[in-house]
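Between the sequences and the hints, there should be enough to build the whole structure, so can you do that?
Residue numbers (numbering that gives the first Met the number 0), protein chains in the order written: chain A, 0 to 119; chain B, 0 to 119.
By construction, these hints were calculated from the structure, which means they are not laboratory data. Please read all numbers here as calculations on a predicted model, not as lab measurements. No false leads were slipped in.
Residues from chain A that face chain B, not an exhaustive set, calculated with beta carbons under 10 Å:
{"no.": "1", "residue": "Val48"}
{"no.": "2", "residue": "Met60"}
{"no.": "3", "residue": "Ala70"}
{"no.": "4", "residue": "Asn108"}
{"no.": "5", "residue": "Arg109"}
{"no.": "6", "residue": "Arg111"}
{"no.": "7", "residue": "Asp114"}
Cβ atoms here follow ideal geometry from the backbone N, Cα and C, with glycine treated the same way.
There are 2 protein chains.
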Amino acid sequence: MKLPNVFSNPANIRSCPAGTVIFQKGDEALEMFVVQSGEVEILINGKAVETIGPDGFFGEMSLIDDSVRSADAVAKTDCTLLPVNRHHFLFMVDETPLFAIHVMKGMANRLRQADQRAAG
Amino acid sequence: MKLPNVFSNPANIRSCPAGTVIFQKGDEALEMFVVQSGEVEILINGKAVETIGPDGFFGEMSLIDDSVRSADAVAKTDCTLLPVNRHHFLFMVDETPLFAIHVMKGMANRLRQADQRAAG
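Structure (structure tokens):
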């Protein structure tokens, strides 16, 4: 899913070399991220639970429920990220229902994976 | 969060005595449910992972990603449920961004709980 151009201004793109800690569990959260290139790993208590590639997103939970980060995010490879702050996020949900469905699909997918981990 | 009256027509309300199996893992899914009264338990492999009370909702994941049920849902007490089918769900997301945020908050809450189970 492509974000509107207003959000994908190249000036906003953040470059992260492999190994960069993007955020850590407990951090205050101001934005979510859409991966433009490369891969980001999500870790819970040091254990990788998900790898997110181009067009995937992460960090949306803290925007939704206004809470601190629940996991760590680390650049698995060199990567470029598009930050989306809370204001932009709410604007997107408001103006682009497909964006809301896209975010919900990503969350549903994570919930199913989490359920499988719990069951396994 | 209250749903628009068009969805809460009393004719649509479903009454379930305690112990009723509302759906089971693997079932085809046509609707999500908003709890009007009573409590519903969500079980994964026979283990209760969540109890949902009045104004809570469940069963949204299958509507979002068009897949089969990933858990069992059983009436913990006598309860009344308002079914919301896919058409209504997409209409609500389209017309009521607050509904989309409400659903996302519920999913974020479940993800945090699932992460805690995995970490524990």
